[in-house]
Amino acid sequence: MSVQHVLVINCGSSSLKFAVIDASSGDELLSGLAERLHNDDATLKYKFVGNKEQNALPAGADHKIAIDTLVTLIHQYDLAKDLIAVGHRVVHGGEQFTGSQVITPDVLDVITQTAQLAPLHNPANLTGIQAAQAAFPELVQVAVFDTAFHQSMPKHAFLYALPYSLYKEHGVRRYGFHGTSHHYVSTQAVETLGLAADNHRLITAHLGNGCSVCAIKNGASVDTSMGLTPLEGVVMGTRSGDIDPGLFDYLTSQLGYSVAEVNTMLNQQSGLLGISELSNDCRTIEEAYVEGHEQATLALDIFCYRLAKQIAAYLVPLKGLDALVFTGGIGENSDIIRAKVLAHLSFLGCQIDEQRNLAARFGKSGVITSETSLITTMVVPTNEEWMICQDAARLAKGA
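Here the sequence shown is numbered in the numbering used here, starting from 1 and rising by one per residue.
Derived from the structure by calculation, the hints contain no laboratory data.
The reader is advised that the hints may include incorrect statements.
To be verified - Think about it this way: if two alpha-carbon atoms lie no more than 20 Å apart in a straight line, the pair counts; the simulated PhoX-like pairs of lysine-lysine are:
1) K45 x K17
2) K155 x K319
3) K319 x K217
4) K81 x K397
5) K309 x K340
6) K17 x K64
7) K17 x K52
8) K155 x K217
9) K168 x K155
10) K17 x K47
11) K64 x K45
12) K309 x K319
Stated by the list, open to error - Restraint ranges, calculated between C-beta atoms of paired labels, are given here:
13) F362 x A313: 28 to 34 Å
14) S2 x T284: 42 to 48 Å
15) S2 x L358: 43 to 49 Å
Cβ atoms here follow ideal geometry from the backbone N, Cα and C, with glycine treated the same way.
Please take these sequences and the hints and turn them into a complete structure.
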């Protein structure tokens, strides 16, 4: 069998994460991250077969320049000849897509139309697609949607209690996000714990700068915490999560905020950053918490309390629980937050094992509860790139 590689691209508003992955083994040959795009201190760091390198980008470098640099690296390491597809993470696909899609003009139109629902994400995703199409016009380009996994949610879970015409005419509903991550870690948990593929109940918590919780029954998403946009749900790095909708009127009519200012505040100035007034980086907040910083402590307390409430709520649709799974940068590395969340859930019989909890960090998976715990809790490092690679390779072979 010939060697087949997939280029995986994940464009954020000011970043570009990438990897060239062997579609058979999952090995990453080239991987990296371009950060602070559009700023004077833009950089691109990468690894080729494990060796770390760093390339400085020109001041103000944008996504196209970053992708041009990536293309140069791909040719420099003679990887282009084995590429069969480019897989793109796309945050919002609306109701139109229940799975990954080969990118056509019609698919691009839908991604463009849904950009208003994910204004921080979809425009950047489109930029990455267009730049990759220009660089690799001969390759199949595949969109892998964060929302697709959640299209199995029942209507009573995804509809808002608003006039039904808003759903029928404008698609106003809860969509959910981080679907690729929730899907990956749930399948890994089922395999690791020896659960039946057609008979299991999991709650997965993807915790990073963006955070979401998902209730999964027999491999399908039945509820999730994010909504029409990635703003709804639990507290996040800079996003508020759930708030009283009446806050909009109060801020605009009583305090003189514009709609744009309210939107910026809720998306970029709230969450852990807003409460702590220190940082959105959980590591910084935890360091301050250990030193007794009052607002850092409050930020962690609110974050963990709201997260535990959301997890407990998903016992309703699942009617039981086989395992709770933590993933994402915070979920995989913060033993402090995991311990605080499980302390809130001790009434359900959750018993954390401190040594296991400390051991399951920095890329290591494992169960973090004791043998006598009534609810098994584990850490599974996510691997969205591998999921995107698999979907892109499958569709490329069938294209």
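(request) Against the structure, test the hints numbered earlier, and report the numbers of the ones violated in rising order. (result) Every hint satisfied by this model.
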